[in-house]
Amino acid sequence: MSHLGPLCHKTITHSLTPEELKMVLKDISPNKAPGIDGLMHGVVGEMILTDLVRFTNIFNTCFERGIFPKCWKVTKVVLIPKEGKDLSQPSSYRPICLLPTWGKILDKVITQRLRVGNGPKTSP
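Note that our numbering numbers the sequence shown so that position 11 is 1484, with each residue one more than the last.
Each computed BS3-like pair below joins lysine-lysine, with the alpha-carbon atoms no more than 27 angstroms apart: (1) 1505 - 1577; (2) 1581 - 1543; (3) 1555 - 1505; (4) 1495 - 1505; (5) 1499 - 1543; (6) 1499 - 1581; (7) 1546 - 1499; (8) 1549 - 1581; (9) 1549 - 1505.
Estimated spans, in silico, between C-beta atoms of each pair: (10) 1554 - 1533: 39 to 49 angstroms; (11) 1523 - 1554: 35 to 45 angstroms; (12) 1516 - 1580: 12 to 22 angstroms; (13) 1502 - 1568: 13 to 23 angstroms; (14) 1491 - 1513: 15 to 25 angstroms; (15) 1491 - 1580: 14 to 24 angstroms; (16) 1570 - 1487: 24 to 34 angstroms; (17) 1530 - 1500: 13 to 23 angstroms.
No lab work stands behind these hints, which were simulated from the structure alone.
For every residue, glycine included, the Cβ atom is placed at its ideal position computed from N, Cα and C.
All chains should be built: construct the whole structure from the sequences, respecting the hints.
Dropping the structure here:
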């Protein structure tokens, strides 16, 4: 994130709060397919909620150091067959990339901050 300007960098990377992390978890469907780590979203969400402060600190470390861990970006490619197509043809499949939930959470925090432009969303 070091290539971002100072104002943009501060808007995106200020400390994550436990409340903001809980809101992000609510936005992620617990039943989505797992990434390469095999952990379902619901499992990761439950893990985070067992020690919200510790996991908030982990994500804050990413912001403080300006890193997005590589292992959170490794995808698992799955081929989904298209309905009514000849499955012997490569064009009969739709590839999807499954990302680890950890990376999706960090990405969602960054995306929400870019949309809002002034820090964490607060619940109504």
